[in-house]
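Same order as they appear, the protein sequences are chains A and B. As numbered in my numbering, residues 580 to 717 make up the first sequence, in order. As numbered in my numbering, residues 36 to 284 make up the second sequence, in order.
To be clear, the hints were calculated from the coordinates, so they are not data collected in a lab. Glycine included, each C-beta is placed from N, C-alpha and C at the ideal position. Mixed in with the good hints there might be a few duds.
[What the hints assert, rightly or not] Straight-line Cα separation of at most 20 Å, SDA-like style, residue types lysine to any residue; simulated pairs: (1) B:Lys240 <-> A:Val644; (2) A:Lys620 <-> B:Lys240; (3) B:Lys181 <-> B:Ile111; (4) B:Lys254 <-> A:Asp617; (5) A:Lys620 <-> B:His260; (6) A:Lys620 <-> B:Leu261; (7) B:Lys254 <-> A:Glu632; (8) A:Lys650 <-> A:Val628; (9) A:Lys620 <-> A:Gly649; (10) B:Lys240 <-> A:Gln667.
[What the hints assert, rightly or not] To give an idea of the interface, some chain A residues facing chain B are shown, with a C-beta separation under 8 Å as derived from the structure: (11) Tyr641; (12) Asp643; (13) Ala660; (14) Ala687; (15) Asp689; (16) Gly690; (17) Thr693.
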Amino acid sequence: MMMSRAYARLAAVVSAAFFVVIAPPSLSAHHSFAAEFDGNKPLTLKGVVTKVEWQSPHIWIYVDVKEADGKITPWQCEGGAPNALTRQGWTRQTFTIGGEVTIEGWQAKDGTHTCNAKSWALADGRRVLAGSSAEAAK
Amino acid sequence: MRALLLLVAVLAQTAPQQPDGPAPRTADGKADLSGVWNKALVQNTGKAVEPLPFTAEGLKAFNDVWNHIDPTSRCIFPGVPRVNTSPYPMQIVQQPDKVIFLYEYMHNFRVIYTDGRGHRPNWEPSLLGDSIGRWDGDTLVIDTVKLTDRTWLDDHGDRHSDALHVVERWRRVSANKLHYEETIDDPKFYTKPWTVGWDIPLAPKDWVVMEYACTDNNKDLYDGHLQNGPLDGSLRDGTAIGKPAPPRR
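Make a model of the complete structure from these sequences and hints.
Printed below as a string of structure tokens:
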């Protein structure tokens with residue numbers, strides 16, 4: 580029961596068009612992507628930024644995702660290392676609290692609303708934080 | 036395609052901003068290693084010399100990696116030699132009697148004296164160990180002992196024991212290129228020493244060593260998301276590893 584409910588929720592936020600084969604990142608400077616996230620569980624989340632943690636070893640962006648039934652589910656997504664991202668020209672101000680963001684990434688294996696982000700797009704469609712956390716972490 | 040994009044991005048990022056030339060020299064005539072170097076992550080350091088010459092104990096430790104979380108995921112210093120193969124730049128500051136390594140990753144530093152002193156007699160094993168340096172022509176040779184067995188050699192989960200002795204060789208082959216070599220001498224885990232090496236490019240001119248405070252917000256650890264196994268995600272289970280070579284010493 581719990582399981583099917585969780586999947587139903589996930590299905591509400593997963594874009595069907597996203598089932599293109601995209602190799603998950605295999606590189607991380609800090610922890611094992613393969614152990615922690617499921618490369619077979621790609622997802623797309625569209626939500627509103629509630630918090631930005633621009634700190635080492637990886638940035639975390641917190642997003643409220645509105646599901647099909649109107650329910651709000653908070654998600655947390657991991658990005659690259661702030662030092663690498665800063666070198667690429669990104670800052671904490673890249674995100675606006677209350678602003679919309681669309682995240683493509685992979686869900687944590689433990690089934691929590693945690694993801695590792697591959698791409699981030701703002702409301703105007705602009706892609707930010709080029710590369711996945713793993714790539715940026717290089 | 037993804038690999039190509041990544042390669043282009045990495046090349047663009049690492050392209051030196053100045054034309055290459057001979058290695059600069061210090062006032063006392065030595066090759067000058069000083070500069071900010073764009074050290075890249077090397078995940079499987081032993082790849083070029085595989086299969087590694089494991090002892091039975093070494094092979095056991097290598098396969099036991101599945102029962103442990105990578106220490107760096109918990110923000111334990113990478114130690115020597117892994118600090119050299121971890122990602123992000125490092126700065127070398129060379130002085131007549133010492134060479135200082137300032138690593139961005141985990142904000143580590145090492146002060147390597149080249150004034151002829153020997154290893155310290157009373158030095159407890161530590162993550163970075165006890166290092167002394169000497170010049171062999173234009174090559175800085177660093178000899179490190181007194182290392183704990185709590186660190187790993189790399190993201191692949193290559194292991195070492197507390198008998199590890201590391202010899203690093205650093206040579207600036209040109210203005211924009213540093214050559215790095217490490218010899219892993221660990222008679223408990225390997226039947227003979229093995230040596231690997233690669234080039235490290237000079238970082239773009241405006242790069243400085245930044246902050247990487249691993250403990251600042253290690254959410255993966257705090258939330259209990261870390262899992263056992265090697266960071267590079269290799270699904271090795273030991274079956275592809277040859278039987279350990281007979282001990283030679």
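Now for the hints, and whether the structure bears them out:
no., hint, verdict
1, B:Lys240 <-> A:Val644, "violated (42 Å)"
2, A:Lys620 <-> B:Lys240, "violated (41 Å)"
3, B:Lys181 <-> B:Ile111, "holds (17 Å)"
4, B:Lys254 <-> A:Asp617, "holds (18 Å)"
5, A:Lys620 <-> B:His260, "holds (16 Å)"
6, A:Lys620 <-> B:Leu261, "holds (18 Å)"
7, B:Lys254 <-> A:Glu632, "holds (10 Å)"
8, A:Lys650 <-> A:Val628, "holds (16 Å)"
9, A:Lys620 <-> A:Gly649, "violated (23 Å)"
10, B:Lys240 <-> A:Gln667, "holds (15 Å)"
11, Tyr641, "violated (11 Å)"
12, Asp643, "violated (18 Å)"
13, Ala660, "holds (7 Å)"
14, Ala687, "holds (6 Å)"
15, Asp689, "holds (7 Å)"
16, Gly690, "violated (11 Å)"
17, Thr693, "holds (7 Å)"
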